[in-house]
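Protein chains: 2
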Amino acid sequence: MEATTQSNLLVKMILMAWEAQNNYLNNLVSSLTDEQLTKEIAPGKNTGVYLLGHLIAVSDAMLPLLGFSDRLFPEMEEVFIKNPDKARQAFSSIAELKRRLAVVNAKLNGHFEATEIDGWLSRHTAVSSDDFVKEPHRNKLNVVVNRTGHMAYHIGQLRLLN
Amino acid sequence: MEATTQSNLLVKMILMAWEAQNNYLNNLVSSLTDEQLTKEIAPGKNTGVYLLGHLIAVSDAMLPLLGFSDRLFPEMEEVFIKNPDKARQAFSSIAELKRRLAVVNAKLNGHFEATEIDGWLSRHTAVSSDDFVKEPHRNKLNVVVNRTGHMAYHIGQLRLLN
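Here the protein sequences line up with chains U and L, keeping their order.
Mapping of the first sequence onto our numbering: residues 1 to 162, in sequence order.
Mapping of the second sequence onto our numbering: residues 1 to 162, in sequence order.
Please note: incorrect hints may appear among the correct ones.
As the list claims (entries may be wrong) - When the alpha-carbon atoms are kept at most 27 Å apart in a straight line, the in silico DSSO-like pairs for lysine-lysine are as follows:
no.: 1; chain 1: U; residue 1: 45; chain 2: L; residue 2: 134
no.: 2; chain 1: U; residue 1: 86; chain 2: L; residue 2: 45
no.: 3; chain 1: U; residue 1: 12; chain 2: U; residue 2: 82
no.: 4; chain 1: U; residue 1: 45; chain 2: L; residue 2: 45
no.: 5; chain 1: L; residue 1: 39; chain 2: U; residue 2: 39
Unchecked claim - Computed footprint of chain U on chain L; a stretch qualifies when at least three of its residues, placed anywhere within it, have a C-beta under 8 Å from a C-beta of chain U:
no.: 6; segment: 11-18
no.: 7; segment: 55-62
no.: 8; segment: 98-106
no.: 9; segment: 156-162
Simulated from the structure, these hints should not be mistaken for lab results.
Remember, predicted model here, so these are calculated numbers, not experimental data.
In this text, a Cβ means the ideal position worked out from N, Cα and C, and glycines have one as well.
Isolated chain U (complex conformation) (with noise of 0.2 Å):
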């Protein structure tokens, strides 16, 4: 196999993981309740809509991080990322975030498709130029690697509300 090939290919193995949790969360969001995604996920841990919101805010933030855009939603950075459930005021409701969820990954998703190998392996913006030269693994796609694990580990809490 060609090396262009190979770099390819290892792209999309990516891409093809990321694309997995996002199926994964939409079809357990998708299956749960609103009473269900209200509880807590286990007793005194953050409730099912909270960690739904941080998932959104967290995705939401690659897209300034990736260099694509302003985030969409900016003011969830306070509430489900900056602090915790249980400081938590009155939100969105279910339905909303529900539809934030899949505008949040239809423009990730729209930037995704339209960024080459090159695009993938440049830098960051949380990254300077300098440490960039030596620590080459901490460019865009890189990004979507340890998100899509953040995501999974989120997933699994998320998993115990059904």
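Take the given structure of chain U and dock chain L to it, following the hints.
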């Protein structure tokens, strides 16, 4: 960046993600007492010790799947993969499970370090030659990608124990 350099970097990123989850698991398991590991992650759900055994058994099964060797602890499949937690009979002590986690990891990592890119992109033992021609992403490295996500999923659950 040359295509060969790109391919090597992409393989490295995938192996780093695997290593990061394994480090996370090791640190988490070390931080939990035997009493905590014996508890259910949520009422009526799997215990920590079952999930630990499950992750060891799944990693152990990668040895034949990747064509490296036979499994080290084949008897774990029955207890920790084929059967759910609640069917579990008395098994190894937690100390023995922790030892096996380290042994399986060391064995896998030794093989990982000796694997070149062509080996990583060759088919694993659960896909036929014919299918592999059509779906070249079903290679050995993709098993690592998937198992990394699987581990993150269960780490998210084990994390509820502390």
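Hints, verified against the model:
For the proposed pair residue 45 of chain U and residue 134 of chain L, the alpha carbon gap of about 45 Å is over 27 Å, so the pair is violated. Taken as a hint, the residue 86 of chain U and residue 45 of chain L pair is honoured in the structure, with Cα atoms around 23 Å apart against an allowance of 27 Å. Taking the CA atoms of residue 12 of chain U and residue 82 of chain U, the gap is about 32 Å. The hint is violated against a cut of 27 Å. Under the criterion of a C-alpha separation no larger than 27 Å, the hint pairing residue 45 of chain U with residue 45 of chain L is consistent with the structure, at around 15 Å.
With a C-alpha separation of about 20 Å, the suggested pair residue 39 of chain L and residue 39 of chain U falls inside the 27 Å cut-off, and the hint holds. With 6 residues bearing a CB less than 8 Å from a CB of chain U, the segment 11-18 of chain L meets the requirement of three and the coverage assertion stands. Using a Cβ-Cβ cut-off of 8 Å, 0 residues of the segment 55-62 of chain L lie near chain U, which falls short of the minimum of three, so the contact claim is violated. Note: the segment 98-106 of chain L has 0 residues with beta-carbon separation from chain U under 8 Å; the three-residue rule is not met and the coverage is violated.
Given a C-beta distance limit of less than 8 Å, the hint that chain U covers the segment 156-162 of chain L holds, as 4 residues qualify and 3 suffice.
In terms of the numbered hints stated before, the structure departs from hints 1, 3, 7 and 8, listed from lowest to highest.
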